[in-house]
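A.B. asks: Position 278 of the sequence shown, counting from 1, maps to 888 under our numbering, and the rest follow consecutively.
Hints in this document: simulated from the structure, not taken from any laboratory.
None of the values given here were measured: they were computed from a predicted structure.
Every residue, glycine too, gets a C-beta built ideally from N, C-alpha and C.
Take the hints with a grain of salt, since some may be wrong.
[To be verified] When the alpha-carbon atoms are kept at most 25 Å apart in a straight line, the in silico SDA-like pairs for lysine to any residue are as follows:
1. K1038 to S933
2. K949 to E638
3. K996 to F874
4. K871 to G967
5. K1038 to D941
6. K993 to R855
7. K950 to R937
8. K993 to S1035
9. K1038 to T873
10. K1038 to A1008
11. K625 to T656
12. K925 to L915
13. K952 to E667
[To be verified] Simulated DEER-style distance windows between Cβ atoms:
14. L919 to E1045: 32 to 40 Å
15. K635 to P812: 19 to 27 Å
16. D632 to R836: 39 to 47 Å
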Amino acid sequence: MPQMGESIAEGTLSKWLKKVGDEVKRDEPIFEISTDKVDAEIPAPTAGVLAEILVTEGQTVPVQTLVARIETEKGAAIGAGASAPAPAAAAPAAAGGPPVKQSTSAPSTERHPVPAPAAIAAPANGNGLEDRLRTKSSPLVRKIAAEHGIELAAMRGSGIQGRVTKRDIEQHLASGAAAPAAQRASMHAPAGAVQHGPPAEPWAGDRVEAMSKIRALTSDHMVASRRTNAHVTSFFEIDLTRIARIRQRNRAAFEAQTGQKLTFLPFIIKTVVDTLKQFPVLNAAVSGSNIIYRKQYNIGIAVALDWGLIVPVIKGADDLSLSGLTRQLNDLAERARAKKLKPEEVQQATFTITNPGVFGSLMGTPIIPLGTSAILGLGAIEKRPKVVTGADGEDTIAIRTCAYFSLSFDHRIVDGADADKFLASLKKGLESFPENAI
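Sequences and hints are given; from them, build the entire structure.
C.D. replies: This is the structure in structure tokens:
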């Protein structure tokens, strides 16, 4: 199990792309993983034959756990198939079993004596690396803890970095320390929050499936944001006719020169960054009773995938031209769909843009990502009849290319006046975009 980020201590093996006996090439994807930060395909470290699978789909294991063996010597015997979970699989093969002459695998962790059952400890401030690692338990453990109103940060488990395992929490519950049923939290509420109603129960004929890793993380993040940020949303209609004409006039030459398709989004990102410089509170974050004004302009772009939602981040967007923004945008979106993103490429956004308009949505009220103060939603870009005043002062009906823009902002630090001024300035910037900007 690879280390996919400095603060990531475990990963869930979500899918095997190869089966035992399959030949694999060096750097060919052989399995998929999900972590707290990103989904990714993991390439083979060497060419050979997949001899043995040690961690099955759906298992969550610490980083550096041995997950499989690749036989690199032609003609060597192949294992019989998937075996027991990783810790047990590290034991020597049974007597009489086929020897593996030479194999390449991920480094395994050393086996340690099982520590004593988890004990309640005094809650830490939660800011240290150890605290952050310890509270990032598996989705199953977090679900059990939330259902029983248990604060994971107040427990020290037997797992890596003191993480609480399923066995730890089961022993804790068996000791009678669980919260009363009436005070149990819902599975998506922070520990200690009272459930507002009974959980849904499946009926006859219903299909029940566990949330995927990315769906569970999205769920937790959305609920936490709604409980943390004071959400308010403002709407503006913006005329994009000028942008449409500039784009149409330069489209062929731009694509021939860069090899990239020119869409509306790079124009919007560039104008958003220019507008954020005028309204720094929209590029800020709340830290207790302090406001952190970010000097970086890192724009998160929500990308809808078949299996969930991910937000890759364009770092240093203020230093990029239209062509640079287009390249970054297309590259991140393509690698997000191919599960090739690195954890650091979905972190440290200072402002986010989501574009449900590509599916036909006219407007929406997006949820603010934690750690930021605003998110911009783009509605469908379409031609509409509008009243236009001519040079002679006469009003006429004209066909204009328009879209509704929505800005959800954290009312704790962003006043409604500032949000509306931001949108008004963004509207002005887009409707007067320089002709020679490409």
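A.B. asks: For every hint, state whether the structure bears it out.
C.D. replies: Checked hints:
A threshold of 25 Å between alpha carbons decides the hint, and for K1038 with S933 the separation of about 22 Å falls inside it, so the pair holds. Taking the CA atoms of K949 and E638, the gap is near 13 Å; set against the 25 Å cutoff, the hint holds. With a CA separation close to 21 Å, the supplied pair K996 and F874 stays within the 25 Å bound. This hinted pair checks out: K871 and G967 have alpha carbons roughly 18 Å apart, not beyond 25 Å.
Only pairs whose Cα atoms come within 25 Å are accepted, and K1038 paired with D941 is rejected, the gap being roughly 29 Å. Straight-line distance between C-alpha atoms of K993 and R855 comes to about 13 Å, which keeps the hinted pair within the 25 Å bound. Among the hinted pairs, K950 with R937 is consistent with the structure: their alpha-carbon atoms are about 16 Å apart, no more than 25 Å. Distance hint between K993 and S1035 is fulfilled; the C-alpha atoms sit about 22 Å from each other, no more than 25 Å.
Proposed proximity of K1038 and T873 is supported: the alpha carbons are some 19 Å apart, at most 25 Å. Distance hint between K1038 and A1008 is fulfilled; the C-alpha atoms sit about 19 Å from each other, no more than 25 Å. Restraint check for K625 and T656: satisfied, since their Cα atoms lie roughly 19 Å apart, inside the 25 Å limit. For the suggested pair K925 and L915, the alpha carbons sit about 21 Å apart, so the restraint of at most 25 Å is met.
Note on K952 and E667: the hinted pairing holds, with a Cα-Cα distance of about 21 Å set against a maximum of 25 Å. Our hint of 32 to 40 Å for L919 and E1045 holds, since their Cβ atoms are close to 36 Å apart. Distance hint check for K635 and P812: the Cβ-Cβ separation is about 43 Å, which falls outside the suggested range of 19 to 27 Å. Checked against the hint of 39 to 47 Å, the C-beta distance between D632 and R836 comes to roughly 45 Å, which is consistent with it.
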